[in-house]
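A.B. asks: Sequence:
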Amino acid sequence: MPMRSIIGTFSEKYGDKVDVVVSEFFTETGDRHLAKYEQMMANQVRTYNGHPAIGYLATFLCKVFGSTLSSLGSVRLVAPIAYKRGVEHMRELSPDVVFSTHWATNYYAEHLEKKPLTVMYCPDATLNKLFEYHADLNMISMPRGYRKALGKKKYDTENMKMVPFLIRNEAFEVDPDKRSARRALGIPEENFTVLLAEGGYGIGKTEAICRILAKENVPLTVIPVCGKNDGLYRRLLALKTAENVTMKPYAFADDMFRLEAASDIFCGKSGNILAEATFFGNPTIVTNCSNMIEHDIADHYINTVGCAVKELSPEKTVDLIKEFAADRAKLEPYRRAALNYHGNFGSAAAADELWKKIVEVYPEVDG
Numbered sequence: 001m002p003m004r005s006i007i008g009t010f011s012e013k014y015g016d017k018v019d020v021v022v023s024e025f026f027t028e029t030g031d032r033h034l035a036k037y038e039q040m041m042a043n044q045v046r047t048y049n050g051h052p053a054i055g056y057l058a059t060f061l062c063k064v065f066g067s068t069l070s071s072l073g074s075v076r077l078v079a080p081i082a083y084k085r086g087v088e089h090m091r092e093l094s095p096d097v098v099f100s101t102h103w104a105t106n107y108y109a110e111h112l113e114k115k116p117l118t119v120m121y122c123p124d125a126t127l128n129k130l131f132e133y134h135a136d137l138n139m140i141s142m143p144r145g146y147r148k149a150l151g152k153k154k155y156d157t158e159n160m161k162m163v164p165f166l167i168r169n170e171a172f173e174v175d176p177d178k179r180s181a182r183r184a185l186g187i188p189e190e191n192f193t194v195l196l197a198e199g200g201y202g203i204g205k206t207e208a209i210c211r212i213l214a215k216e217n218v219p220l221t222v223i224p225v226c227g228k229n230d231g232l233y234r235r236l237l238a239l240k241t242a243e244n245v246t247m248k249p250y251a252f253a254d255d256m257f258r259l260e261a262a263s264d265i266f267c268g269k270s271g272n273i274l275a276e277a278t279f280f281g282n283p284t285i286v287t288n289c290s291n292m293i294e295h296d297i298a299d300h301y302i303n304t305v306g307c308a309v310k311e312l313s314p315e316k317t318v319d320l321i322k323e324f325a326a327d328r329a330k331l332e333p334y335r336r337a338a339l340n341y342h343g344n345f346g347s348a349a350a351a352d353e354l355w356k357k358i359v360e361v362y363p364e365v366d367g
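Okay, so the sequence shown: first residue is 1 according to my numbering, each after it adds one.
FYI, nobody ran anything at the bench for these hints, they're computed from the structure.
Each residue gets a CB set at the ideal place from its N, CA and C atoms; glycine is no exception.
Errors might be hidden in some of the hints.
[To be verified] With a straight-line Cα cutoff of 25 angstroms, these simulated SDA-like cross-link-like pairs (lysine to any residue) come out:
# : residue 1 : residue 2
1 : 205       : 129
2 : 154       : 322
3 : 357       : 52
4 : 84        : 32
5 : 205       : 32
6 : 129       : 80
7 : 322       : 254
8 : 310       : 52
9 : 129       : 299
[Stated by the list, open to error] Restraint-style ranges between C-beta atoms, simulated for each label pair:
#  : residue 1 : residue 2 : range
10 : 330       : 81        : 51 to 57 angstroms
11 : 8         : 65        : 33 to 39 angstroms
12 : 53        : 364       : 49 to 55 angstroms
13 : 242       : 186       : 17 to 23 angstroms
14 : 60        : 19        : 37 to 43 angstroms
15 : 329       : 72        : 31 to 37 angstroms
16 : 68        : 180       : 37 to 43 angstroms
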């Protein structure tokens, strides 16, 4: 999501001055070791979602070992051949600048013999130790993470910048009117509408919550997005509901923005999907955090933005949904907080910071 955002904006503003190369880094060469390493990282996310204790332990161990050792272990020791191929591919690309939204590609760039200018954007609330590995310019979007970073000797206001969250540019093109969004989706216009998602792998509490909501005789529309979890999608598609409940499950939804625009509230696992709900002025019920990174993201939207609450029990989550559906005025403080944060989205500022750094290092490009 953040990479798609910055590509579009930077290319539009500065693409006439530099060549912008978009890299599907782990798959574009067809190298099986790089593809396997990317899949391994995806499998780790699945594991953390299903077993949060493992996720918390992993992020705690990164904190204990620090940035250098954690990066060494996560990139080089667990997949030494993938590391070698990653550096080789980065060398083949021969970049002058590498802009990364993931720590692994930044690590490869930092280990080239002729090191390019490295710029890393962290989409999380705070820098975990893998994102603390050296880059020439760092960006983050959330105030607590920015303040914590500036408290470390390695960062100052020159190499660490706070920028708005890099939400995909398509978000600005979606009509936020809920009635028209619901008409387009073919769902009731008047129903209190709940969007549920657990990230791309659909592992979490969505099914438990949907099964309880399906039995409630309350005018509700429930939109569960199951991602790549085909079994969950099929089960929810077959779920019988009370007369007043409309259940409209999706598998992998390409356009979450339309669903956000149609919803009154978002419910699901913490992560940067909370940014999308907030962009559309939707309050959030956080039902799960799979590691400290997600805990910090949830904390940002609960305590800094003020548009979210945390409730880990599916039964109590349903009670909250019913309470908000019965009296929508109770949602209003959270909705206002989300809308008040709307100016903290977009990639223009990050694109400008990137260009400013490029011109500083390569002044000839602005000639």
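A.B. asks: None of the hints should be skipped; say for each whether it holds.
C.D. replies: Evaluation of the provided hints:
Annotation: proposed proximity of residue 205 to residue 129 is violated, straight-line Cα distance about 29 angstroms (limit 25 angstroms). With a C-alpha separation of about 48 angstroms, the suggested pair residue 154 and residue 322 falls outside the 25 angstroms cut-off, and the hint is violated. With a C-alpha separation of about 38 angstroms, the suggested pairing of residue 357 with residue 52 is violated against the 25 angstroms cut-off. For the hint pairing residue 84 with residue 32, the CA-to-CA distance comes to about 13 angstroms; that is within 25 angstroms, so the pair holds.
Restraint check: the Cα-Cα separation between residue 205 and residue 32 comes to about 34 angstroms, which exceeds 25 angstroms; the hinted pair is violated. For the proposed pair residue 129 and residue 80, the alpha carbon gap of about 20 angstroms is at most 25 angstroms, so the pair holds. Restraint check for residue 322 and residue 254: not satisfied, since their Cα atoms lie roughly 28 angstroms apart, outside the 25 angstroms limit. Straight-line distance between C-alpha atoms of residue 310 and residue 52 comes to about 16 angstroms, which keeps the hinted pair within the 25 angstroms bound.
Between residue 129 and residue 299, the direct Cα distance comes to roughly 19 angstroms. Compliance with the 25 angstroms bound is thereby established for this hinted pair. The beta-carbon spacing between residue 330 and residue 81, approximately 55 angstroms, falls within the hinted interval of 51 to 57 angstroms. Between residue 8 and residue 65 the Cβ separation comes to about 37 angstroms, which falls inside the hinted range of 33 to 39 angstroms. Residue 53 and residue 364 have their C-beta atoms about 53 angstroms apart, which keeps the hinted 49 to 55 angstroms range intact.
A hinted range of 17 to 23 angstroms holds for the C-beta pair residue 242 and residue 186, which are about 19 angstroms apart. One distance hint, 37 to 43 angstroms for the beta-carbon pair residue 60 and residue 19, holds here, with the actual separation near 42 angstroms. Between residue 329 and residue 72 the beta carbon distance is about 53 angstroms. The supplied range of 31 to 37 angstroms is therefore violated. Checked against the hint of 37 to 43 angstroms, the pair residue 68 and residue 180 fails, with Cβ atoms roughly 52 angstroms apart.
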